[in-house]
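Residue numbers (numbering that gives the first Met the number 0): 0 to 116.
Hints are supplied without guarantee of correctness; some may be wrong.
[As the list claims (entries may be wrong)] Below, simulated DSSO-like cross-link-like pairs (lysine-lysine); rule was C-alpha separation at most 30 Å, straight line:
1. K108 <-> K29
2. K114 <-> K16
3. K29 <-> K42
4. K50 <-> K16
5. K56 <-> K84
6. K42 <-> K114
Derived by calculation from the structure, the hints in this document are not laboratory data.
Nothing here was measured: the structure is a model prediction, and the numbers come from that model.
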Amino acid sequence: MFIAPANTDLLLQEASKEELYISLIAQLNKDFNLANEAVDFPKSITPDELKIQLHEKVYRLIQYKFAEYLNLLYIIDVSEDEIKKLDGSDLVILAEQVAFLILKREWQKVWFRNKYK
Numbered sequence: 000m001f002i003a004p005a006n007t008d009l010l011l012q013e014a015s016k017e018e019l020y021i022s023l024i025a026q027l028n029k030d031f032n033l034a035n036e037a038v039d040f041p042k043s044i045t046p047d048e049l050k051i052q053l054h055e056k057v058y059r060l061i062q063y064k065f066a067e068y069l070n071l072l073y074i075i076d077v078s079e080d081e082i083k084k085l086d087g088s089d090l091v092i093l094a095e096q097v098a099f100l101i102l103k104r105e106w107q108k109v110w111f112r113n114k115y116k
């Protein structure tokens, strides 16, 4: 049964432990590119660096390209209910929380694909 990790660090640790970290990066690259928000996280990126770069990308999307941000959330299939629960008063914190929701959904896709292949 899939149980989502409680935070970004635990999620990235679990992905590494299950040897699915590279698949997670590939899924992120794929979905961002489907949303026409080109990113190219290299397979050699460290979990800490991935966390920072994803946070920065989400922050810039919210700040400068809101329609594209909404499209990205739709393409990745981030839960609308979870987004609505977030407090948007601090943009930096909001971007960090959204980056975690993105990672959580992408991890769910990778985990299920691996488990049921």
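> Tell me, which hint numbers fail for this structure?
Replying inline: none
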